[in-house]
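Engineer: Position chain B relative to chain A; hints supplied.
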Amino acid sequence: MPRAGSPPSVAPVRRIPVRGREFLDAPTGPAPALPCADASTTHARIRDDGSCECRAPLLTLPRLLLPFSGPDPIRENEMSARLTIRRRPDARSARQAGGLRVAALGTAFVALLVPALSACGGSASSSAGSATLKWASSYFPSHWDPVVSGSGAQFRELALVYSSLTRTDEEGKAVPDLAESWEYNAKGDGITFHVRPGLKFSDGEPVDGAAVKSAIERAQKQKNSALFGDLTSIGSVKASGLDVTLDLTQVDYQIPQLLGERVLQIASPKAAANPAKLDQNPVGAGPFVIDQLIPGTKAVLRKNPDYWDAKNIHIDDVELVSAPDASTVVSGLQTGVYNFADLDPSQASAAEKAGLDVFSQPGFNASNISLNVNKAPFDDDRVVDALRYAVNRKEFVDKLTFGHGESTDQPFPKGYVAYDAKSENAYPYDPAKSKKLLAEAGHRPGDLKLNLVIPAEDPQAEIVQSQLAAVGIKVTIKIDKNWATPFFAKDLAFSLYSTTGRDSAVQTLTAHFGPNGPLNLSTPYEPDGFKEAVAKVRQTPLDAPDYAQVLQAATRAGLESKALIFTFSSPNLFAKSKTLSDLPKNPAHIDWTGVKIAGS
Amino acid sequence: MTMVRRVLSLTSGRIAVVILVLVALLALCGPWLAPQDPLATSDNTLASASGAHWLGTDYLGRDVFSRLLDGSRISVLGSLEVALMALVVGAVPGILSVYSGRAFEWLTLRLADTLVALPFLLFAIAVIALLGNGITQAMLVTGALVSPLFYRVSRAATLAVARSPYVEAAIVSGASVGWIVRRHVWVKVLPPIAVALAQTIGVGFVIVSSLTFLGIGVQPPAPTWGGLLASDLGYLSHQPWAPVAPALLIMVTVWACNLLADAIRDVSGEAGRALVDRRRARSRTSTSAPVPVGGSR
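Chains as they are written, first to last, in my numbering: chain A, 1 to 600; chain B, 1 to 297.
It is possible that part of the hints are untrue.
Stated by the list, open to error - Mimicking SDA-like on lysine to any residue, the simulated pairs with C-alpha atoms at most 20 Å apart in a straight line are:
1. A/Lys449 <-> B/Pro220
2. A/Lys478 <-> B/Gln219
3. A/Lys394 <-> B/Thr45
4. A/Lys578 <-> A/Asp591
5. A/Lys478 <-> B/Thr136
6. A/Lys394 <-> B/Asn44
7. A/Lys481 <-> B/Thr136
8. A/Lys585 <-> A/Gly172
9. A/Lys478 <-> B/Ile125
10. A/Lys478 <-> B/Gly132
11. A/Lys449 <-> A/Phe378
12. A/Lys478 <-> B/Gln137
13. A/Lys478 <-> B/Gly134
14. A/Lys353 <-> B/Trp241
15. A/Lys562 <-> A/Asn425
16. A/Lys481 <-> B/Ala126
17. A/Lys303 <-> A/Gly198
Source of the hints: derived by calculation from the structure; they are not laboratory data.
Predicted model only: the values in this text are computed from it and were never measured.
In isolation and in its complexed conformation, chain A is listed as follows (with noise of 0.2 Å):
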């Protein structure tokens, strides 16, 4: 079977003689077929003599399927024939068969020897002198549309398009993009931010304080938005000029930090009056605008000379793929088709050996058991608690992130702000307490039974399942392709989910545990005293001596939630040739800015 992009192989004819007066051009192999009496059920084989033979026609399910030649049951009456007339080998058809090895080994060796010499071609990062960067991203997006693509991981390629009021620098803080700067009122409920003058979207229209309010209207208004939810601080938006002036519903310092990438990439009003075609040609005023897009699969972006701080950006043009396999994406590297790639733990020792730049981006990375404590077992909190003591972190961070990870009962890795370190290990290990807790809550070793349901599959599932079943409860992957709908809808019991995180810790803390946070199972559910926790955070400006004491609070009352159990945070590995220059490390994002690629 051919394969995509090889060229069409074309196959040798031999003459058949019809009737001793005719050719009929055929494809040497397997006998001519041509419409018989029953042309739907048969086909005619042409004889040497010139006679017809009906014959089943092959099936090309089975032949394609199968890779071994397999006799051809249909043939039956063709073979048998064959071995009544079969005659000796002479010295010619002997000759014709050492040539046909002979060509079949060349032909094999030219086929190993074609792949061999490409894989020798070394790094290739720029093409006829630009500087291009060729990125494997695993996080390809499926729609463009920010509003509808929300604050995944996939922002990061998002944000190559699509700017932002803010961007957070390599401390996390939110520092101004394409807003040049902020301030607040004095009660703390409004916020002023200030566009920088004379920016224009790619498709032309300008950039100022109408466009940001056709953005956030759209994200909290657009029925297919999935950003709405972490905008229910913004009341009202007030357009005048370049400047965009937002009434909130409470006090929230912490707007700046929200209205960054991951929550507010701005696309052009014009382009974003039509949603379902900006999902597939998006339109901004980020650094690069798009050329090619074939959804799914590949990007194709040229550098934007009307990007506000294009001066910095030293790419000419970037080609955005979607990853293939994680085991081919360092030969890839090593090979030139890519420089740039995210990179499965597994991977890095691989690639480290390749001799490319494997390096590790700070992040907010972290995986948890999402549990429905709406339903049973999990309403009785000593099914929980016991779960909570049958987990063990550091076999998640062992045989998962291969060593670069680390674990984590919160969600936030160790370091960062909202670390609550009088919060760490609060559940330690202990198999012993979790099967005592089980009988304390009537379950016998074995009778407890879940069914823990997951999108695709996962080595975690596994290991959720051999270390629940070591204290007793027997636990069923199911794999659900539509797992997002019941997920989100609250209606599984038991699932697993792994965060990105987001730019605003006040924005992760009430995704994972407010009445309504998408990442909560057990909506309405809220633990105790939480929601106080996190107004006070909110009514604290960032820049407050005691803003980290208050946001490890609000994180220590939102822990108290028994939804969720928190296991390790995964690493954000990457790859890279080393022509390419150190990225800035600014937490969780992918940001060009000063990135070079020698050799353009």
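Structural biologist: What follows is chain B alone, placed relative to chain A:
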């Protein structure tokens, strides 16, 4: 039994039968033969082959040899499900289409054409999305898609017999369709169906392996040959040799099925009888004492 004896008279037939019997034994006894619990994880991940773990361990520290043995049953049963489903759905309508009137013939022909046109993978995924992820659903669907092979084989063989003079003579003599099918058609249809069945079992192995490779049909952590192959591919940089065992097992089993199909085809019919007779004659000649040149003393 005659057919079995004839198949076993061929070297290729004997090799195929030996391999397939071994695979069947693996399917029957594999879970009991497994030296360790195939689902038990350990800290010894991605370990090389050793006395304790003959084929090493996987990414969760599970014994690969035990998983391979344990996974045989699903792989074998899955391929049998595909073949038997295809046989039942395809062969019976194939024979009946010759005798049951034009409407039935037209309908079944169009249905067979439609089934051939459906891409099995997409169809299997769609049905699994509808009915839930399970090996039985996946195999039954795939069996239905492969059934046109049996439909056409049985129909072609039946057509050839139905138009022969002795069948026409039987019809003129007042024989019923049922009697004709039992007496004349069945014996002619059976050999090509046997060939197709052996071949389809081989195809079934590839289908089961393909689907389980993609995670379709089997819920983790249940081991299958295809599933082991898929999981090994993610850790090639750690264990480049790991996919060899499951791949070899799949390859040899499919090869044995094809070899068996080949052997059945070679020994069926008049030509098959002639071949076996000729081989017997040749072996008798070779076992008799050689006659010295120039006569004996």
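Engineer: Against this structure, judge whether each hint is valid.
Structural biologist: So, going through the hints one by one against the coordinates:
In summary, the hint linking A/Lys449 to B/Pro220 is supported, as the alpha carbons are separated by about 16 Å, within the 20 Å threshold. For a cut-off of 20 Å, the pair hint linking A/Lys478 to B/Gln219 stands: about 6 Å separates their Cα positions. Between A/Lys394 and B/Thr45, the direct Cα distance comes to roughly 14 Å. Compliance with the 20 Å bound is thereby established for this hinted pair. The hinted pair formed by A/Lys578 and A/Asp591 meets the criterion: a straight-line CA distance of about 17 Å does not exceed 20 Å.
Between the alpha carbons of A/Lys478 and B/Thr136 the distance comes to roughly 15 Å, so the proposed pair stays at or under 20 Å and holds. Distance check on the hinted pair: A/Lys394 and B/Asn44 sit about 14 Å apart at the alpha-carbon level, within 20 Å; holds. The hinted pair formed by A/Lys481 and B/Thr136 meets the criterion: a straight-line CA distance of about 18 Å does not exceed 20 Å. The suggested pairing of A/Lys585 with A/Gly172 holds, with an alpha-carbon distance near 9 Å, which does not exceed 20 Å.
Pair hint A/Lys478 plus B/Ile125 holds up; C-alpha atoms about 15 Å apart against a cutoff of 20 Å. Of the pairs offered as hints, the one joining A/Lys478 and B/Gly132 holds, with about 9 Å between alpha carbons and a cut-off of 20 Å not exceeded. With a C-alpha separation of about 12 Å, the suggested pairing of A/Lys449 with A/Phe378 holds against the 20 Å cut-off. Restraint check for A/Lys478 and B/Gln137: the C-alpha separation of about 15 Å stays at or below 20 Å, so the hint holds.
Only pairs whose Cα atoms come within 20 Å are accepted, and A/Lys478 paired with B/Gly134 is accepted, the gap being roughly 10 Å. A threshold of 20 Å between alpha carbons decides the hint, and for A/Lys353 with B/Trp241 the separation of about 18 Å falls inside it, so the pair holds. At most 20 Å may separate the alpha-carbon atoms for a hinted pair to count; A/Lys562 and A/Asn425 meet this at roughly 15 Å. Distance hint between A/Lys481 and B/Ala126 is fulfilled; the C-alpha atoms sit about 11 Å from each other, no more than 20 Å.
At roughly 18 Å between alpha-carbon atoms, A/Lys303 and A/Gly198 fall within 20 Å of each other, so this suggested pair holds.
Checked against the numbered hints given earlier, this structure breaks none of them.
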